[in-house]
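Novice: Use the sequences and the hints to build the structure in full.
Residue numbers (UniProt numbering), protein chains in the order written: chain A, 1 to 302; chain B, 1 to 206; chain C, 1 to 354.
There could be a bad hint or two in this list.
With a cut-off of at most 27 Å between alpha-carbon atoms, the simulated BS3-like pairs for lysine-lysine come out as follows [said to hold, decoys possible]: (1) 232(C) - 197(C); (2) 169(A) - 280(A); (3) 61(A) - 92(A); (4) 100(A) - 159(B); (5) 168(B) - 106(B); (6) 191(B) - 171(B); (7) 100(A) - 61(A); (8) 5(C) - 114(C); (9) 171(B) - 100(A); (10) 191(B) - 61(A); (11) 100(A) - 168(B); (12) 275(A) - 222(A); (13) 55(C) - 5(C); (14) 106(B) - 159(B); (15) 38(B) - 100(A).
Hint data in this document are derived by calculation from the structure and do not stem from the laboratory.
Spelled out, the chains give:
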Amino acid sequence: MDPSPQSPPTKKRKMATSTSTSTAAPAVVEEHQFPLPPILTHPSAAPPTLITQGAEGRLYKTTFFSPDIPCALKYRPPKPYRHPVLDARLTKARLAFEAKVLERCRREGVPVPAVYAQNAAAGWIAVEWIEGAPVRVKINEWLGQRPKNEEEERSAAEQDQGPLIELMKRIGAAIAGLHRTGVVHGDLTTSNMMLRPHTKKTTTTTTSEQTNGVSKEEENAKLLEGDVVIIDFGLANQSQSDEDRATDLYVLERAFASTHPRAENLFEHLLESYKQSFKKGASVLHKLEDVRMRGRKRSMIG
Amino acid sequence: MALETLQIEHVPSDHHVYAALFRDVQNVDFLQAQLIGKNPEFEYAFIDASVIISRTHLFAAIFRALNTLTEGTLQTPNVHSDIVIGLSPTNNISESYRRYGLTPSKTRDVLVIKVVYPKLSSENSAITSEQPTPESIWQHLTTHIQGTPVPLTNEEFAKSTDWAKVRKYYKLNGVPGVERIDKADEEGRRKEMEGLVVSGIALRGL
Amino acid sequence: MPDAKGRRIALGCEGSANKLGIGIIAHDPITGEALVLSNVRDTFVSPPGTGFLPKDTARHHRAYFVRVAKKALALSGVSISEIDCICYTKGPGMGGPLTSVAVGARTLALLWGKELVGVNHCVGHIEMGRAITGASNPVVLYVSGGNTQVIAYAEQRYRIFGETLDIAVGNCLDRFARTLEISNDPAPGYNIEQLAKQGGRVLLDLPYAVKGMDCSFSGILGRADDLAAQMKAGEPGPDGEPFTPADLCFSLQETVFAMLVEITERAMAHVGSNQVLIVGGVGCNERLQEMMGAMAAERGGSVYATDERFCIDNGIMIAHAGLLAYETGFRTPLDESTCTQRFRTDEVFVKWRD
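Specialist: Written out as structure tokens, the structure is:
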């Protein structure tokens with residue numbers, strides 16, 4: 001038998017906190033005040049506001065160049081857990097890549113934020129502020145208005161998921177556009193896509209139609225309107241390979257399934273639209289099968 | 001007084017940026033000679049206004065130069081020459097001076113930028129031990145520049161923008177991101193090009 | 001049936017890899033408390049430079065099953081009649097060892113007239129981790145020789161947000177231990193951890209492979225193996241100085257753990273959680289716990305980890321997760337009491353959570 005460390009604990013020991021070996025006390029949720037990155041300590045018309053603490057960094061909303069130009073400034077602070085050499089290498093490389101990829105997409109006509117300024121060594125990049133809300137929020141808002149019961153949903157599913165299916169298709173086309181330019185995103189989730197409301201010009205026609213009495217259904221349909229703008233290219237890479245493109249889709253497929261389990265069955269519409277918007281779409285989807293198999297059928301021992 | 005104090009976001013509060021635009025400048029060769037002769041009284045960024053498309057475009061170059069100044073990584077002898085090359089999306093410094101700086105007999109409209117900031121004692125130039133004021137700068141400029149001052153507005157910039165040059169310098173010809181926009185939507189195309197110009201400035205050296 | 005104190009009692013059998021574990025747990029339906037009555041383990045250790053093969057491991061489990069079961073029963077102080085159900089690992093894992101233990105569990109069930117509950121190994125780790133640490137709804141990093149997953153609970157399932165795209169992180173470490181011919185006793189990962197503490201003069205350059213919330217390790221292992229070959233050939237490191245096995249272990253740990261912490265942080269940001277629970281054998285590693293703690297602290301949260309009794313594969317986690325399912329009415333009929341090498345964490349319907 002194994003020596004003491006693996007032998008059973010004292011008989012009938014309680015498994016409450018007394019045996020807990022957690023290395024920290026239970027979480028205390030409190031407001032966390034982060035020091036601003038040096039670049040944001042200089043004056044601006046309105047104080048910067050922290051929007052999110054993402055995994056790679058903090059996103060601030062601020063203004064750039066002039067008080068009337070809203071901007072998203074992403075700051076990647078040094079990670080205290082990461083070896084400083086590795087940390088500096090990663091931060092600089094990722095920021096530089098992010099900037100290059102954004103510019104490339106922009107030139108190719110893929111809707112992404114424009115780059116205003118960057119300092120890769122100092123860990124920040126300032127880009128155009130995209131109006132609207134993350135696709136994740138919009139889909140959940142939409143799903144929140146659907147019947148919750150699985151049975152009900154199945155029956156209701158066919159008839160009124162039209163707008164969501166339309167959105168899935170627009171997402172598929174947006175990713176196709178990205179891949180066509182030779183860029184893979186590396187972190188596709190519905191949090192990393194914005195649904196930007198149409199500019200005034202394009203909405204004038206729709207608003208005139210809605211002057212007399214907007215039904216609830218129409219209102220719901222409007223919820224998912226807008227241009228899909230892919231953001232957060234912190235893990236992006238330049239690649240033309242089917243494998244990398246398929247992995248991009250696989251990452252999104254899994255993120256989508258875990259974030260919106262109730263809409264998982266609609267993912268096929270995204271893939272179909274991807275295939276139709278991209279010459280190499282079919283071969284990428286073929287590769288996606290392989291990537292899925294590798295993921296799902298991987299032997300998982302111990 | 002047509003000297004404007006530029007309020008640029010996220011620039012240190014003790015750094016002051018002044019700018020003025022002069023039309024039909026008659027003594028471009030004289031101004032250029034002062035730069036070449038490193039006349040300490042002419043610590044300015046002189047820019048050929050025909051390559052500027054908007055205030056945002058100008059601010060992007062100034063911001064970049066000020067950022068390199070505060071980081072201590074200037075690429076040229078001073079912040080003023082860094083503003084001129086700051087306009088460039090490429091690393092070729094002498095080409096940048098030629099393209100964005102003054103060219104006697106060709107440059108007509110001159111954009112002048114003056115940055116005033118606390119210098120370390122070792123940097124102190126012989127003449128300006130005291131910081132110049134907007135009044136003193138304006139007086140100096142109007143004394144030496146033979147041209148007509150106009151306000152620094154997008155409208156004024158638009159009057160003198162040489163789009164052929166801008167498209168060439170910033171590689172905007174045949175770019176899908178611009179071409180996909182309806183030709184009739186001039187404002188849309190101009191905005192898109194401004195975005196690409198600013199990105200080009202931001203990305204230089206990566 | 002409940003024992004004299006009104007408690008439900010389960011015996012759990014685990015043997016999906018090279019650890020044979022049998023444990024007995026009691027759930028108090030009044031307080032909701034889980035009590036470990038016994039937790040016995042016996043590990044099959046292969047010689048340095050080798051891994052454990054399914055055939056040898058299965059033989060080990062068969063040979064020790066009765067001894068370990070008897071010891072677990074004796075230490076628990078419960079009588080056979082007090083036991084409600086026999087839980088066993090249905091998968092995922094290595095076929096041979098899984099089958100050996102399932103046969104043992106079936107035998108106990110038939111011999112004692114108890115019902116069987118097949119348990120997902122990964123869910124066992126998660127539920128045990130939650131019970132031990134008190135973490136209510138954490139993002140879970142499950143890291144072992146066979147698994148690398150970032151998991152969060154949503155709508156009755158443990159959903160996999162991120163995972164390895166090729167080999168498991170534990171497998172990467174174990175195989176590198178073989179490259180360096182480090183002892184497998186008590187565990188290759190443990191010995192790498194000890195060796196890494198002596199390294200750190202240089203951080204050797206290894207690939208860093210994170211894609212969204214997924215990551216991959218085979219490229220890193222390949223590069224580490226190359227560096228080990230360079231070292232053995234007497235070639236210097238990037239700074240012109242020679243480097244040691246300790247430097248290699250240090251660099252490997254720093255790189256792969258940074259990747260794990262990063263994908264965990266990304267999942268936490270994605271689901272809006274600030275608790276993280278580390279389970280699985282690699283979760284014992286103190287450097288990983290330390291790095292995870294630094295990340296969690298920065299997010300205003302904390303890390304929960306268990307020690308080797310619960311992190312490393314054990315029978316008690318199977319007993320605990322099995323009993324949770326049993327209490328909701330779940331049973332595994334004898335003719336369905338099979339094993340499967342592939343059994344996704346998200347296939348389990350988690351009826352016992354809200």
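Novice: All hints are to be evaluated individually against the structure, with a verdict given for each.
Specialist: Consistency of the hints with the structure:
no.: 1; hint: 232(C) - 197(C); in the structure: holds (20 Å)
no.: 2; hint: 169(A) - 280(A); in the structure: holds (17 Å)
no.: 3; hint: 61(A) - 92(A); in the structure: holds (22 Å)
no.: 4; hint: 100(A) - 159(B); in the structure: violated (32 Å)
no.: 5; hint: 168(B) - 106(B); in the structure: holds (17 Å)
no.: 6; hint: 191(B) - 171(B); in the structure: holds (15 Å)
no.: 7; hint: 100(A) - 61(A); in the structure: holds (21 Å)
no.: 8; hint: 5(C) - 114(C); in the structure: holds (19 Å)
no.: 9; hint: 171(B) - 100(A); in the structure: holds (15 Å)
no.: 10; hint: 191(B) - 61(A); in the structure: holds (21 Å)
no.: 11; hint: 100(A) - 168(B); in the structure: holds (20 Å)
no.: 12; hint: 275(A) - 222(A); in the structure: holds (26 Å)
no.: 13; hint: 55(C) - 5(C); in the structure: violated (42 Å)
no.: 14; hint: 106(B) - 159(B); in the structure: holds (16 Å)
no.: 15; hint: 38(B) - 100(A); in the structure: violated (36 Å)
Comparing the model with each numbered hint stated earlier shows that hints 4, 13, 15 do not hold.
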